Amino acid sequence: MKTIISVAGVFVASLFFLGNFSVSGEDLKLSTNRIILPRDELQADTNTLKNLFTVSPAYREAAARQMLLEANYFARQLKLSESLPVTAANATINVNPPLLAGVGSVDAKEFLYSFPGHDRQPITNGFGAVWFLERGKLAYVMRKKPFARWDDGNSDDMSALFRKLAALPCLLDTNTAYQLATQWLAAVSVDVGELEKKYRPLSVQVTINEKPGSWEARPANSNQAHLKKLPIFDVTWGGAEDQDSPPIGIKIFGPTKELISLRMEDTRFSKRPPLVIPNAEALNGTVAPSEKTIPTNSPPRIESE
Amino acid sequence: MKATDKIIGRLIVGCVFACCLSRFTTQTFAIEGLQVSVQSTNAVLSWPSDTNETYIVQFRPDLNAGSSWVTLTNFLPPDADTNLTTYTHSNSVQYPVIVSGSGGGGGGGVPLPGGGGTNYSSGGGTNGSSTTGFYRVVRNGVFLQGFQNSMTVSGTVEFPFEFGASTTNGVPSIRLFINGDSASSATTDIGPDGKLAVLWNTAFTANGTYEVYAQCDFDDETIFSITNTVTVDNQVHFVDFTTDFGEQLWVYAELSSPQADVSIDIYSDDGYIGTFSTSTTDGIISFLWDLTDPSQTVLTNETFYGVFNVAATSAQVATKAKAVTAAFGKNSNPPSFLKLANNSPKARTSGTVAPKGASYVPSNPATITWNKQYGWSGDNFVVAWGVTPIINNTTRLGNMIQSGVVDVLVSPAIDNAYTLSPGNTFNGTTYRLLSADKTNLLEYLADPSYRNFYYFGHGNSTRFGDYNEIAGWLTEIEENDVRRCLDNLAGKSVHHPYRFVFLDTCNSASGTLCEAFGIHRITVNRSVYQYNNLKARAFVGYVGSSKLPSTADDYIFSTAMLAEFFAEWRDGADINGIVQRAKQNAYWPLDPTVQIYGAYNLYRYYPY
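The listed protein sequences correspond, in order, to chains A and L. Position in the first sequence counted from 1, then plus 120, gives you our numbering. Position in the second sequence counted from 1, then plus 353, gives you our numbering.
Next comes chain A alone, as it looks inside the complex (with noise of 0.2 Å):
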């Protein structure tokens, strides 16, 4: 039985399924809300347990092209460095059964699109911060390598790049990136007013310690002569970045004024409309499930009962 399927260029058109419990033949019963069934129910109903990890290229093709949009939406309005639009061809698109996860994301060639929210209620983040990650909503805008140009890619030891970035002309401040923040905030439709009736923002450059002794995560002075300013600057609501993981917080590269990251771990003030995959029950239940096989040409790791 497949579980979650990721796709580039093409859809692949096949279905996988858990040799030990295949059956077929049956109606899926999927919608485009998790499907959340009492243990017992779910014990009973076979069919519903494969169906678990099953997405039927039909669903796939449905939920990627929803995502396609969304991300491309996203890139415009955030002026991201894409190459836009991203497209089935320039992306690999993962999608996750309609049952488990999130609907999946976009992994294009310059940052990563998430759609990871599943939810069913808000939930504390074991640190006091509460999260609802709503689903088919886009929660996270992520530059893969932000660093690129300047990374050698080869060093654990960030010092030397904390080096290079540091030495970069900064065009901004910690007032002009959170007004950067809210203005990319408002123009993927996010409630900055009803955020900040909730949380308070805090602007922050981020700052390293060039003599570190300590698993201190903030200089308590910040004027000390070892610690140093990147300029790179967390502008969050509902916590700081170095204290929490704050429910919404945006990382800003200030030499380009380009956008690391924007993660929502609350998206209730996205006023964004969630993914909908029109007749996902039967897109998803169209097409029978056709047995898995273990490749017997290469030496066995599964061993037969």
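Careful: at least some of the hints might be erroneous.
Said to hold, decoys possible - Calculated cross-link-like contacts (lysine to aspartate or glutamate; reagent style EDC-like; alpha-carbon spacing at most 16 Å):
no.	chain 1	residue 1	chain 2	residue 2
1	A	Lys264	A	Glu230
2	A	Lys199	A	Glu378
3	A	Lys348	A	Asp293
4	A	Lys265	L	Asp944
5	A	Lys264	L	Asp732
6	A	Lys265	A	Glu378
Worth flagging that the hints you see were computed from the coordinates, not collected in a lab. Fair warning: this is a prediction, and the values are worked out from it, not measured in the lab.
We have chain A; now place chain L onto it with these hints.
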């Protein structure tokens, strides 16, 4: 898979034996004073007992390999109103010969070696031809020799242990809990006297009085020792000063004497390096060492350890020199000629070592000094699993990892997807760790292009692999195997840290396995790594036993949970959110003992 009513560990044996065995190996810390007598056709056992203990009594007719111990009673309470408990094995004497014997304990336990039995002393009436067999009595739970209520400890203390459980299901591990928290400064090892023991470096626990107990985790049973009140009293108290950033070593200690002269002898793999001499008026020793030796050579790949020599100068405290080994390395080499003359940097750090909102867990002091870190490239994923035998379920397990992990992480696309280690293919095979594959797996781990790792199987706080309850470890990868293959040897530089490791095995977060992967045994915000010029990294494991699925449905549920876990990781959710949601999974909740070390809120494309 479950084997019940067996006793493992160092077991206590008393015997009634009428044949010609003359002597067993003494097990000095077993129950003392076990007496056995024959009354009519019954064997009557008696032993000194305590009101807060229960006992397992077992019998076997002979010591042949083909025979096994039979449990006569389990959780036998001590006799009331007496300090002697008796147990009668009815109709066990088949021959009219009266035999008596006594012994101080013994072993013969399965599967751990536990000694050979008892000092045998035959009673009158032995005629050399009749026998009733052997008996042994062991306390239920964990018993630490020398572990006493109201005791005061200092330095490194050793508690040889025994344990009695009704199961052998799973690989047991023993941990010491101090006020309810698992103490990473306590490890299970062979003690100086050659016995398996809990070794507790008390210097890493602040002076004070604590409730201390030991816990032993099996797959399906957890047993405990009694809880004792223990006072820790050391001249020097260390915190996790061994964790270093960049090119420095942070030395930090708190002294019980606020005013003291202190010398710290530093050693490396090659021997003595030099001595820092300093004094304090507030009891705090804290400085950064740039790893430069007296000849101005900058040390890079050394193992360091230090010996603190503290001479209190306060009038209120008796002047007393006391040497305490600051265990950031292993004392394996003799001192050499290098001398660091009175180099006493005073770069006092400030603030707390524990960032707000994060739990501070001292690192195992005997393992690491990270003084330099090396290149980091690649983001590939090693995926492997190994469980044997799970009768009729091996295919399900393989498919669970295939569908829950491999197919989620790997993509048929050329770009952007994770590249998995050999043996894992999209909709194809999953890599199962077999005995012959240990070398291969370690080679995959060592490949610098791999920075992520998932393993499902058996394990404990010091190892993971493939385990069989009868044969023991079929394939085991010990912590030091990982350290060696990643060049993250104890006390050495971290050459090959991992970005994300999920060790899906019992008690994988109970020890220092995370550090073998270059992931700090501390839970911090991701920004802490950036602040300290390091790439962020995270480790997910358990501080308890995680359960295997059993029913067909449960295999699907667990697969679903894993699939969600890795889909969220792939799609950029942070580890803490992923774990929180997985713990609330409606079908197969992630085990509640899950523990994150390193950056608790790391996500896949975190830029540092």
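Structure-based check of all given hints:
1. A:Lys264 to A:Glu230: holds (6 Å)
2. A:Lys199 to A:Glu378: holds (8 Å)
3. A:Lys348 to A:Asp293: holds (15 Å)
4. A:Lys265 to L:Asp944: Outside the cut-off at roughly 34 Å; violated.
5. A:Lys264 to L:Asp732: The hint holds at about 12 Å.
6. A:Lys265 to A:Glu378: Roughly 13 Å between the alpha carbons, so the hint for A:Lys265 and A:Glu378 holds.
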